[in-house]
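Student: Heads up, the final residue of the sequence shown is numbered 719 in this note's numbering, and it's a clean run with no missing numbers.
Each hint should be verified, as a subset may be incorrect.
So the derived label-pair ranges between C-beta atoms look like this [as the list claims (entries may be wrong)]:
(1) Glu489 to Ile286: 26 to 32 angstroms
(2) Leu295 to Ile251: 47 to 53 angstroms
(3) Leu267 to Ser368: 43 to 49 angstroms
No more than 30 angstroms apart at the CA atoms, straight line, and that leaves these computed lysine-lysine pairs for BS3-like [to be verified]:
(4) Lys243 to Lys418
(5) Lys588 to Lys631
(6) Lys406 to Lys243
(7) Lys531 to Lys374
(8) Lys474 to Lys531
In short, the hints are calculated from the structure, not lab data.
These numbers were taken from a predicted model, which means no experiment stands behind them.
Every residue, glycine too, gets a C-beta built ideally from N, C-alpha and C.
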Amino acid sequence: MRSKHNTAVETVVLPAGLGWWNLYFICKIALYAQGLIDFHALENFTFAACLLLPIRNHYGKVLRQIVAIPIAAVLLHYDSFMPPLSRLFSQFDQFLSFEFSYIIELLSRFVSLKLILAGIAVACIYYYMAKSIRVTSLVLIAIVATGISTLTTPPAATQTASNTTKNAIASPNDTSNAALNRYLDSFFNTEKSRQTQFPSTDTQGAAFDILLLSVCSLGVDDIKLAGLEDHPLFQKFDIVFDEFNSATSYSGPAIIRLSRATCGQAEHSTLYGPVDPECQLFHQLEQLGYGKELILNHDGVFDSFLERTQRYSGISSAPFPNTGVAATQKDFSGALIYNDAGILNAWWKNRQTLDNDRVAALYNTTSLHDGNRILNKPPVFGVASYQQRGNTLFDELATFLENLEKSDRNIVVVLIPEHGAGLRGDKMQISGMRELPSPSITQIPVAVKVIGPNLQRSDSVFHVREASSHQALSQLLANILEQKVFDQTHFSAAQLSSNLPQTAPVSQNEGSTVIKVNREYFISLDQQTWTPYSTSK
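Let the hints inform the model, and build the full structure from the sequences given.
Tutor: In structure tokens:
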């Protein structure tokens with residue numbers, strides 16, 4: 183009986199050598215060859231050596247296989263370009279609020295059908311090769327050879343031309359850790375001294391409203407990928423920012439940064455702390471007689487968006503009610519999203535009944551957020567879904583601007599997205615993931631429209647081509663006030679934009695910083711060491 187038992191046990195023991203673990207290393211080396219992951223040779227070789235250590239006890243071998251599985255998963259993540267596990271785990275509570283269908287969609291972005299089929303094919307090839315070839319020896323040689331290749335690969339050439347610009351610090355000529363750290367420190371020290379000066383109430387001209395259209399998940403790269411760059415909406419603005427940096431890839435920090443636009447860019451670690459009232463855009467506008475309003479097309483519950491906006495943005499009032507407005511989408515957690523045109527038209531109708539001649543309103547829409555589903559229509563996913571929802575949103579915003587032009591009120595409308603959607607994805611993040619503030623997410627399409635019943639632009643659309651961020655927007659509003667635009671029949675878009683401050687591209691989330699130095703992007707996950715950020719997929 184013992185002999186039969188031992189024979190049965192031997193049939194389930196992995197083949198000699200690494201056995202099926204060979205497949206793990208073969209796949210990783212193949213992914214590295216395609217540039218999809220990094221490869222740490224010492225760690226991988228050590229892991230392979232531990233798998234090869236002779237263990238005579240059967241239960242010891244089984245235990246080793248069990249322990250090896252999570253180690254292999256962690257090592258795979260270490261070799262990948264994905265964000266640190268600590269950051270991924272910190273978002274786990276939000277992950278649990280996702281609908282099951284959205285979780286499946288996210289998983290499909292990690293592992294595609296093509297990748298699964300390729301894995302099956304490689305497994306079949308390995309199964310037959312292992313019968314006649316000592317695969318383990320070849321795999322160990324491949325690990326060593328791959329490790330040598332990672333050591334001998336020359337570093338990417340670095341541009342040495344300086345990009346010194348007005349009101350912005352110059353990039354260093356080298357990209358060592360020390361140089362990049364000094365650059366970042368110098369950037370924030372410079373930003374602390376910058377502040378927009380608004381004119382006094384005595385010098386104000388004709389009254390006008392300000393409407394900030396804060397669109398979640400709208401980046402320049404998303405617009406291009408979805409083929410929406412030629413939509414008529416983008417032809418309606420007077421001033422367009424071509425290089426505007428959102429400085430973050432998350433909604434909460436984005437709203438806070440917008441609300442603090444009157445001062446230079448602050449470090450992420452300071453966003454949820456006390457702030458000088460002079461740095462708060464809505465406080466400054468309130469001092470000029472502006473009433474403050476908040477409008478949402480969603481409930482603001484996810485990630486405590488509404489609570490944090492009311493606490494940190496300077497607008498503490500309740501959002502405009504969505505009573506009577508139809509819900510057209512549901513988000514990734516199942517919450518309803520209301521029609522943009524319905525919300526905006528209801529607000530504008532109510533606005534015209536108010537006694538206050540100056541109102542500054544912040545409208546936040548999540549109609550383009552990843553994972554949304556259009557109600558009463560067959561489900562569509564990915565780029566096709568974004569394109570469909572984007573067309574609808576842009577159509578409604580374009581029509582709304584036309585309605586404003588037909589009214590008898592003065593208003594400045596600012597399209598100011600929170601951040602991009604990350605629709606394309608890259609080596610470090612799958613499509614829709616925004617844990618790292620990559621340039622494809624933080625470059626956003628910002629534009630301004632000046633509307634008055636007897637007001638016309640005297641020149642062509644002005645493009646702000648220099649690197650800009652939120653302070654340039656506050657300076658533009660100050661210029662409109664200073665130049666008393668609505669006391670005139672014509673205005674110059676170029677003149678309004680003549681003195682806008684420039685801000686070097688520096689973006690931060692909690693635990694990550696991305697900077698652009700000499701036309702190349704670098705990322706730091708520990709605030710000390712830097713590596714190039716690959717924007718390719």
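Student: Indicate, hint by hint, whether the structure satisfies it.
Tutor: Structure-based check of each hint:
1. At about 30 angstroms, the beta-carbon gap between Glu489 and Ile286 stays in the expected band of 26 to 32 angstroms.
2. Range check, Leu295 to Ile251: about 24 angstroms between beta-carbon atoms, so the 47 to 53 angstroms window is missed.
3. The hinted range of 43 to 49 angstroms is not satisfied by Leu267 and Ser368, whose Cβ atoms lie roughly 32 angstroms apart.
4. This hinted pair does not check out: Lys243 and Lys418 have alpha carbons roughly 69 angstroms apart, beyond 30 angstroms.
5. This hinted pair checks out: Lys588 and Lys631 have alpha carbons roughly 14 angstroms apart, not beyond 30 angstroms.
6. For the hint pairing Lys406 with Lys243, the CA-to-CA distance comes to about 53 angstroms; that exceeds 30 angstroms, so the pair is violated.
7. For the hint pairing Lys531 with Lys374, the CA-to-CA distance comes to about 40 angstroms; that exceeds 30 angstroms, so the pair is violated.
8. Note on Lys474 and Lys531: the hinted pairing holds, with a Cα-Cα distance of about 16 angstroms set against a maximum of 30 angstroms.
Against the hints set out earlier in the document, violations occur for numbers 2, 3, 4, 6, 7.
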